[in-house]
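> Sequence:
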Amino acid sequence: MKLDVLAFGAHPDDVELGAGGSIAKMTAMGMKVGIVDLTEGQLGTRGSIQKRYAEADKAAEILGLSVRENLKMEDGFFENNKENKDRVISCIRKYKPRIVLCNAPYDRHPDHGRGSDLVKEAVFYSGLRMWKTMDQGKDQEAHRPEAVYQYMQFYNLEPDLIMDVSGYEEVKMKAIKAYDSQFYKPGTNEPETAIAQKGFLDSIYHRMVDHGRLIGREAGEGFMVERKPGVNTLLDLI
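Going by our numbering, the sequence shown wraps up at 238, each residue one higher than the last.
It should be emphasised that the hints constitute simulated quantities derived from the structure, not laboratory data.
Some clues are possibly wrong.
Straight-line alpha carbon distances no greater than 16 Å define the calculated EDC-like cross-link-like pairs of lysine to aspartate or glutamate that follow [unchecked claim]:
no. : residue 1 : residue 2
1   : K58       : E69
2   : K96       : D135
3   : K32       : D4
4   : K51       : E190
5   : K198      : D180
6   : K185      : D202
7   : K2        : D135
8   : K96       : D86
9   : K228      : E158
Using the sequences and the hints given, assemble the complete structure.
Okay, structure coming up:
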C-alpha cells in the first residue's frame with residue numbers, strides 16, 4: 001500500500017498529540033496516512049503494553065488511518081544504530097510516502113529527540129540504492145520521501161510552518177483521549193504523571209488555538225522543518 005503520509009512516533013500517542021488534527025484532516029480529504037510507533041511504551045508509568053495496543057487501535061480508527069505498525073524497539077533504550085535504521089527504512093520503502101512526520105528535535109522525553117534523529121537519518125538513507133533492506137524475503141527498492149516535518153508535544157517550540165486544522169480540534173482530542181490509561185481521567189487509581197494532569201490536555205487544545213491565531217484561523221498545528229520546502233510561486237504560500 002502506498003501512503004501519502006507516514007508518521008513515526010517514539011511511543012504510541014506521540015503522533016496523536018503532535019499531529020492528530022493534521023492527520024484527521026488529511027484522511028478526511030481522502031489521503032492515505034499511516035502511523036509507525038517505534039516502541040510499545042513499555043516504560044510508561046501508567047497502563048500496560050496490551051492496554052496501549054488497544055488504545056492505539058482505537059485512535060487509529062478515530063483518525064481514519066490506512067495502517068498502523070509497531071516496530072517494538074526498547075522503550076528508553078533504543079539507539080540510532082544500523083539495526084534500527086534498517087527497520088525504519090524498511091517501513092519507508094514498504095509504504096513509499098511522499099511525506100514523513102516525526103518527533104520534535106528535542107523535548108521533555110529523551111526518546112523524542114532520539115527518535116527524531118533516527119527517522120530523519122533513515123529517510124535520507126532510504127534513498128540510497130546501495131543500502132539494502134528486505135521485506136518478505138524480497139529486496140526493497142530505494143525510496144526517499146519529499147519532505148520530513150517534525151511535530152510538537154510537551155515543549156512549545158517555534159514552528160516553521162502551521163497547518164490549518166480548523167474543524168478537526170475535537171477529532172484530535174478524541175484520538176488523544178482514546179489513550180485513557182495515559183491522560184487525565186477522573187476517578188482513576190493510576191499514578192499521576194506530568195501528562196496525566198487535566199492542564200496538560202488543556203494545553204494541547206490551547207496550543208492548537210494559538211497556532212490557529214498566528215495564521216488567522218480557528219486552529220492550527222505547528223511543524224518544524226530542516227530542509228526548507230520550495231514553491232513554484234509566492235502565491236502558493238497564501
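> Each hint: holds or not?
A quick look at each hint next to the structure:
1. K58 with E69: holds (13 Å)
2. K96 with D135: Holds - the C-alpha atoms of D135 and K96 are around 13 Å apart, at most 16 Å.
3. K32 with D4: Given pair K32, D4 holds - Cα atoms ~5 Å apart, limit 16 Å.
4. K51 with E190: holds (13 Å)
5. K198 with D180: holds (12 Å)
6. K185 with D202: holds (13 Å)
7. K2 with D135: holds (15 Å)
8. K96 with D86: Measuring from Cα to Cα gives roughly 15 Å; hence the hint holds.
9. K228 with E158: holds (15 Å)
Hint violations for this structure: none, all hints satisfied.
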